[in-house]
Structure formats: C-alpha cells, structure tokens
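> This is what each chain is made of:
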Amino acid sequence: MALPLSYHWRNLFVRKATTALTVLVIAAVVGTFAWVIGFVAALNRALSVASDPRKIIVLQRGGTSETNSAISPEEFNRLTQLTDVERDPDTGRELISPEMFWQTQLPRVRDGGATRANVAVRGVTEMAFLVHRNVRPQGATISTGLPEVIVGLSAAKQFSGLNIGDTLRLGFAENREFKVVGYFSADGGPMESEIWAYLPLLQSAYGRTGYSAASLRLREGADPAATIAQMAGAAIQLSGQTEGDYWRSQSSMVRIYQGVCYVLIGMMTLAAMFSIANTMFATVAGRTREIAMLRTIGFSGGQVLRGFMLESTLLALLGGALGCAACWAWLQFVGHTKDMFGTSTFTAMAFDIRMTPVIVLISLAMVAVVGVLGAVFPARRAAQTQVIRALREE
Amino acid sequence: MTITYVLMQNLRRNPMRTLLTCLSFALPMGVFVAAISLIVAMVKLNALNAAQLRLAVQSRIALVNALPERMRAEIEALDPDKTRIRAVCGVRWFGGRVQNTPSVIQSLGADVDTFPLVFDEIGWTDAERESWAKDRQACVVGTNVAEQYGWKAGDRITLESSVPPNLALEFHVIKIVTTEGRTNSLYLRRDYFEESRRTAGFVTPGCNLFWLKCSDLAALRALQAEVDPRFANTPNETKTMDENAFMANFAQAAGDLPGLMRAIAMVVVFIVALVAGNTMMMSFRERTRELAVFKAIGFQGGRVFRIVLAESVILALVGALLGIVPTAAALLAFPLKRLGFLPLSSLEVSPIAIGVSIAIALLVGVVAGLLPAMQAYRLNTVAALRKIA
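First to last, the protein sequences are chains A and B. Per the working numbering, the very first residue in the first sequence carries number 1; after that it's consecutive. Per the working numbering, the very first residue in the second sequence carries number 1; after that it's consecutive.
Misleading hints may appear alongside valid ones.
To be verified - If you only want the chain B side, here are some residues facing chain A, beta carbon under 7 angstroms, derived:
hint	residue
1	Leu27
2	Pro28
3	Ile61
4	Ser162
5	Asn166
6	Leu167
7	Pro235
Calculated directly from the structure, the hints in this document are not laboratory data. We treat Cβ as the ideally placed atom computed from N, Cα and C, and that holds for glycine.
Could you put the whole structure together from the sequences, leaning on the hints where they help?
Right, here's the structure in full:
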C-alpha cells in the first residue's frame, strides 16, 4: 500500500508560509513560461498558415520584400512564359495575381492610439482570391468599380478605424476615401493583418502604373525550385520564393527574439527547481522522526521516496495552476494582442496570444517534471533515513 | 566570537540549503542583469538623443511616402534668421546590403552640406569633413557594421540597394563612427544616390525624413508645433516628432522588447525576494533555540538582529554575484551588438546595470531578513528555551 495522497496534501499545509512562498515562486516562473509559450505558439500559428508549397511570391530582382519591390506591367507579362502555373478550370486563365503593396499608419487599439502601426495595404484583382486560397471574405467583398476595402480580421481588431462602414483615407495625400465594406479571414495568417483594395483604384490613388509584386499558384506536383530557376533566368529576370521561405525570412528577427526568451525562461525554470529542492530538503529534515515512524510501521524506503516525489509534484502543480491562472488573467485584463514588423516588409503582423488547453498542459507538464527533478535528492535522503537513530533523536 | 565567525558557521551548517538558495538566486539575477542592462542602455540612448535636440519630420501618412526635396527650404524658411534651426538634413532610405548576403544594413542617403552639422556628435575631424564634402562616393560607417563586414577607413565597398531601382553603388569608407547609438548605421551622400536613381529612370528625388537640428530646447518645442501646421492641407502633410518619439515607433513594432524586459525584471525581483524570504524563514525556525541561547549568554537583541539580517544579506549578495558575474562576462565576451537592427543590439553590460542589480539584491536580502531578524530581536528567551524544537 502506498502512502495516501491526503497525507501529502495535508503535509503541504503544515508549513503554510514556506509552502505559500514556494508556490508563489513556481507560479511566477510558470506564468512567464506560459506567456512565452503562448507568444511563440501564436507566432508559429500565423506563420505556419503562410507556407503553401504551391504558392510562389514574385519580387523584383534584389527586392527583399513586397514593400521594396517594384514590377512593371511588362515584367509581369513575362511571367506568362512560366510552364508550371496552375490554370483556372473555368476560364483557363493562369493563376498569377498582380499586386500592389503599400502601407498606412493606423493607431493601435491596445494602447489607446498612443503609438501607430504600419498596416499593409494590398491592391488586388479577383485573381488574388484564387491564388491566396485561404483568404475568405466574410460577407461583402470589394467591387471593381467603387473605392472600397475589405479588412483582415486581425487588423480590424488591433488597429482602429477599420470597422465596417468606416472611411479609410488612402493615397499619397490621404485624399482618396475608401469605405470598409467587409472583413476577410486568412486562417489567422499574416494576410489577416492587411487591408485589401481593388488594384487599379489603389494604383490611381498612389499615382502608379506598375505593381509591387505578384503571387502565383503552381500546378499540382510541380517543383517550386524549377519555377524559381526559370523565373531567375534571362527570359524573365524576376526573383521568386515559396511562401514558406518568404515568411521565414520576414520572421528572422523574431526568431532571435524568441531564442532570447527561451534562454531567460530556461534559467528561471532552473531557479524554480532549486527552490523546490530547497523546500523539500527542509520538509524532509523537519520530518525525520515522522519518516522513521512510517518506516517502522511497514512502509518501504521506495514508498517513502515515491511519496516525497509525489508531494513535491503536488507542490509544483499547485504553483503551476496558480501561474497559468495568473497568465490567463494577465492576457484577459492587461492585453493579449501583439504585433511585429516583418524584417523587411516593415508592416505590422498582428496576432493574439491565447491560453489554449495545449499551453496549459505543456506548462503543467513542465512544472511537474521540475517538481520531480527537484525532489530527487531530498526524497532519496528521506528514503535513506536511519530508522533507529531518527527515532532515538530528541 | 565575532559576528563574521557566527555567520560563516551558520552558512556552513546547512551547505545544501546555502548552495540551493544561492543558485536559485543566481539564475534569476543573471536574467535580471541582462534585462536591466537593456533598460539602462535604452535610457542612456534616449538621454543622448534628447541632448542632440533633433526633430524628425516625416510624412504624416507613412515613412515610405517620400517628401519632396524642396520642403527642406520650406522648413528652413520657418526660421529666416537662423536663430532656432541650426541645420536641416534630408535623408532617404538606401537599405544597402553586401551582394549575396541577406541582411540589410541600416543605410541612408543624407544631404551633403548639412549632414556633418546635424549629426555633429559623431566627432568629425577637418579632414573627414573635407572628404565628405569632396568625395561623392563618401560614406560614414558605424563601427558595428564595419566590424561585421571587416571594413576600415579607406576601403572601397559595393552595396546593393534593396529598394527600387536596386542600384549597386560603390562607396568609399571615409570614417568609422564609434559614437554610442550611431554604431549600427551607414550614411552615404544623397546627391550621389539621387543622381544614380535618375540615371535608372527614377526622376523624382525625395526624402523619407528631414532631421532638424535645433539650437535649444525651447526652439525644439516651438518648431515641433510649427512644422506640421505649415504643411497642413498640402499634398505632403507632415508629422514631427523628437528623436526619441521617432525611435519609439520602431521599438513598439519590434515586439516592444523594452516593455517585455521591464516585465521580466519585475518577475525576477519577485522570485528572488520569495526565495530569500523562504530560506531565511526556514533557517530562523530551525535555530530559534540557538538564538535564544545567544541571548541567554548575554548577546544584546540588537546584535542578534544584526546576525540574522547579515546572514540574509550575505546569502543574497553571494547569490547575486554568482548570477551577475557569469552573465556580465558572457555578454562582454559575446556582445549582442552584432545583431544589427534590433533594439536588442543596444544591450551592453554597463556598470550602472551591475550596480542596480547588486542594489536590488541587497534590498531583497534586507527585506527578506527583516521579519526573521525582528522575531529574533523580540525573541522571548525563556519561552524559546523551554520550547522543544
């Protein structure tokens, strides 16, 4: 028979102050841990959406992003030479979408407009909806004759002035009024942080005749590398990247940032482990006689060892639960929205940090492991208690 | 029997606890010193920038919207006697990169005549001023950029612009800039850049930004209020900010790293305070009788108070040093400034940051030891001796 759970549970409350302090340490670490994991998960979710292997982003040679690329209509027309482009089954047209990419500064909702974000504005034609398969208008979409825009769901949530019916001023002097007529989703990907308008109207608003970039969809089973090579060749002279590569390069800065967060969290987690070990050593030392008693009435050393491991894990889980709750409360009441620059798009990619069950599970699993590891030495000491000597002690 | 002796004995009595406490103190303090270094670096940079009395004038709509060159004269006309504006320098984003490398150098074209005046803090010698004025291909390079690519003064370099028309231009490095806060960028002459753009068919010259160097703070505040109304209702409405406000927009968009660091620093202080408090409580509880014996053999309350408090402070200090020294050494050995554009690159261990970390550790030690020390001070000798521990 193992030691009953209630024995350990009650023991945690014998030394209320020490238990409370240890639980708070663990809670602080787990709370931070959960936030960082949530942040990374939110970012990865957004980026993993934008990795359609059949989508190629076409930029001017030397361009590093849609922001600093320019493609003339002549250059764009050369793309029709590509051999592996998918065709629309209804019209037979090649799925190549000319796009214009610009940005406008809008106030952030989360700080009440104290700072402004660069929000991407993309001029598209109806072809864009065939190439960017995951973009789905919710309700109304842009018409080809009126100055209207549709807004990505994340952008609508995080930047102000983008509700349906609002008027958005675009153009070099902000002298063209575009009406927000609808929202669109993009499975939570980076495009959900964009504003889309009809390409010719946007071109005229900014006095442009060319495009910024193009996106195209490959035929089923086509090799993206071959198409990219063909594009780089003398006949076309444009540079292409798969969507996944494109966003990987745009998030390179964020990756460094993520690495820093991991190091910080790792160090703090180790500290929590030492803190647990410390508390468990004190617990074991304070209960030497009690342990000897347990051994005398027939509990084996192994059972005592497992018992203290269990007690430590309970302690850790208690802290973990509190930490997750604190992180949830922080996200709920302080803020869960975040946006980041692409490395060279310079436009904001907005995302939401959420406490998903998976994050809670990962955090609790991490803290349980920390609890077990922290208890290894104290529990071994407990199991090795010299029964006779301990009982004789005063 | 000195206090020091008692202290050492106490710390040695439970070496495992002393070690674990020091370690669980050291790790968060290591994080703390890194976080506080970044904050200190940012504050210092802000102070440096503020002292330069510069205003940034950009398009109200977006930084990518270039403003026409003539606006420089129009801004200068706001102050015809030249009492408030020292100089105005237009800059245009070049975004150069070394061919076949992915990372874009923060590089900008600047007006040839006013650049040395507006950015005078980078320390110009007469010879450097002259080569900047005479050599069309001159460029001044921040030392971090120069180190990364192995450039030195006198080198000829070729950079490919990442903005249309993606010019590949040759430059002469005439100066390496070591002034703090200016070490991650490269400046070239805008006239050379614009001329090359014109050759490539891009005929409208322009600036993403005008820097105004003001003569004093009052002039800066006044001009900040004057520039935007001057261009209101024109096709090129402006937004005028001081240098720090301009930089803050970038910090937000790069994930608000300073904000995150502040939050982490606070969590860390919270953690170490709890760890220290926990240890002190445990060791006080174990030694209640012993402290009572001290008092019984004639130690004054004040002395017992000091013994307990000193133990807590020493633990905190040793723990903190164990964390701070390796982190500081690591950051000195592998400086993050190589990372370039990020706000992270300004992270450098400074004496102030180390001082702040040690001060915080001391404070935590004192606060954590205070309650047990007070209990020791007030300890009822007879009752404690009678109690069976």
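> Tell me the hint numbers this structure goes against, listed in increasing order.
Failing hint: just 6.
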